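Participant: Here the structure of chain A is known, so what remains is to put chain B in place on it, guided by the hints.
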Amino acid sequence: MIRSELIQKIADENPHLYQRDVERIVNTIFEEITEAMAEGHRVELRGFGAFSVKKRDARVGRNPRTGDAVQVEEKHVPFFKTGKLLRDRLNGN
Amino acid sequence: MSNKTLTRMDLSEAVFRSVGLSRNDSAQLVESVLQHMSDALVRGEQVKISSFGTFSVREKAARVGRNPKTGEEVPINPRRVLTFRPSHLMKERVAEGNKK
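Residue numbers (our numbering), protein chains in the order written: chain A, 1 to 93; chain B, 1 to 100.
So here's chain A without its partners, still in its complex pose:
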């Protein structure tokens, strides 16, 4: 399923809404999650899962082509942990 299919499903269920509003709603949800993580927050959606930010320490990496050592700075990466309900549903419980 891709974004446009998700929008279509929501639009089909809500015939009273304009398609452009449905697009806006779906986009707002994903934008809000991304923005929260960009601000260092966590987004916990019970039953579905939680989005959080993990810190990766600075390290000495290596250029795989030349083998040269390069300093890699500390950075933050997005992380998702599946919620219990969804995990159970995936396994038919």
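Derived coverage of chain A by chain B (criterion: at least 3 residues anywhere in the stretch with Cβ under 8 Å from a Cβ of chain B; other residues may be distant):
| # | stretch |
| --- | --- |
| 1 | 1–14 |
| 2 | 21–30 |
| 3 | 36–48 |
| 4 | 85–91 |
Incomplete in silico selection of chain A near chain B, CB under 8 Å:
| # | residue |
| --- | --- |
| 5 | V53 |
| 6 | K75 |
| 7 | H76 |
| 8 | V77 |
| 9 | P78 |
| 10 | F80 |
| 11 | T82 |
Honestly, the hints are just simulated from the structure, not real lab data. All values reported here derive from a predicted model rather than from experimental measurement. Cβ atoms here follow ideal geometry from the backbone N, Cα and C, with glycine treated the same way.
Facilitator: For chain B alone, coordinates are given in the frame of chain A:
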């Protein structure tokens, strides 16, 4: 970096502010979005949200695990797990936003 936890309520509040819907309808729509995504994943489909990320279901084979406390061997059944791969855009925004 402040450490706040957002919930469904914050997402529906954002929907409420962006479109002229009631708080109740906004909450209902947030729920529908999560429900449709979950249903697709349970069907084994990949959910690909451009500029956000991709959720995919992976099949894990059965293996023998070990209780780390007792050292006892326990069979781990085959199962399906969900993985999320953030888009480049999300990775960039999260890296930029959390820079010191």
